[in-house]
Amino acid sequence: DAKTTQPNSMESNEEEPVHLPCNHSTISGTDYIHWYRQLPSQGPEYVIHGLTSNVNNRMASLAIAEDRKSSTLILHRATLRDAAVYYCILRFNYGQNFVFGPGTRLSVLP
Amino acid sequence: EAQVTQNPRYLITVTGKKLTVTCSQNMNHEYMSWYRQDPGLGLRQIYYSMNVEVTDKGDVPEGYKVSRKEKRNFPLILESPSPNQTSLYFCASSSVDSQETQYFGPGTRLLVL
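Here the protein sequences come in this chain order: A and B.
Heads up: the first sequence is residues 1 to 110, going by my numbering.
Heads up: the second sequence is residues 1001 to 1113, going by my numbering.
Next up, chain B with everything else stripped away, as it sits in the complex:
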């Protein structure tokens, strides 16, 4: 089944403790993105990647890092999480032949205390 998976789905952590949220897609897509969703603000793009080793900032990249060492994986790294990064995070992927159709993962709900 074609899908985007994220792990973990739920995470509670404390300020300053580094964490990684993994994202993997099995559709051989070139493009991958990370979004955060907050009440009243819709989805905001954090980072995106157009291929292996190619990443670029979205609208809200501060406090986040990403890497794209393999085509299928696009982990989101919070080096020193803060409470304002408490949010619902979505990973998405799309192909170069169908850029308009992003496939989203199920989301990761993060609480930073």
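For reference, chain A alone in the conformation it holds in the complex:
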């Protein structure tokens, strides 16, 4: 099964951009790349997803490497409310089998 690798933790200063990396070297052609985040004491929430092309939405941007073996979640201006655990997830075969890893704990410093 394809898995993802993320740093355990990262720090950022408030109002600066944050780049959260994810490696998925065994990704298959039909696997979508998803990012979710989990704020303290809450369930995870959807951030963004993509297949091959870079994606933007109101929360973040997703940059996907040309060979799809890695991706980067970009928060353009971190706020204190962005402090959370960020999960990079591969979804298999258009189905509902989401595999979460330990994620990256992002701290945002004022």
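By construction, these hints were calculated from the structure, which means they are not laboratory data.
Only true hints are included.
One-sided excerpt, in silico: chain A residues whose CB lies under 7 Å from chain B: (1) 98; (2) 100; (3) 102.
If you anchor each label on the Cβ, the simulated ranges turn out as follows: (4) A/5 with B/1061: 21 to 27 Å; (5) B/1063 with A/53: 38 to 44 Å; (6) A/92 with B/1086: 25 to 31 Å; (7) A/5 with B/1113: 32 to 38 Å; (8) B/1106 with A/25: 33 to 39 Å.
Just so you know, even glycine gets a beta-carbon here, dropped at the ideal spot from N, CA and C.
Given the structure of chain A, go ahead and fit chain B onto it with the hints provided.
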């Protein structure tokens, strides 16, 4: 308000005493899932359902049962709980038109003594 609800939110029980954690969504979603979250392991999927009467195993199904008799409900059943099932449990739902966007419930914290 669109939401996923879980009950109970907190539960302490003893080994072997059957329990059910309920999950309900009001968004008419086809897909529903159960996850457990343990320190250092992230979230692991237990079971998922792609529609009424259609369920499938996730990564850690042992010791759990589910049923999907109605579209809105997806209860998680522990027939004989053991201490290693002490965990934080999340239910999630998504629509067939937007499968990537799962909506998670608030979580159920279970302690099995």
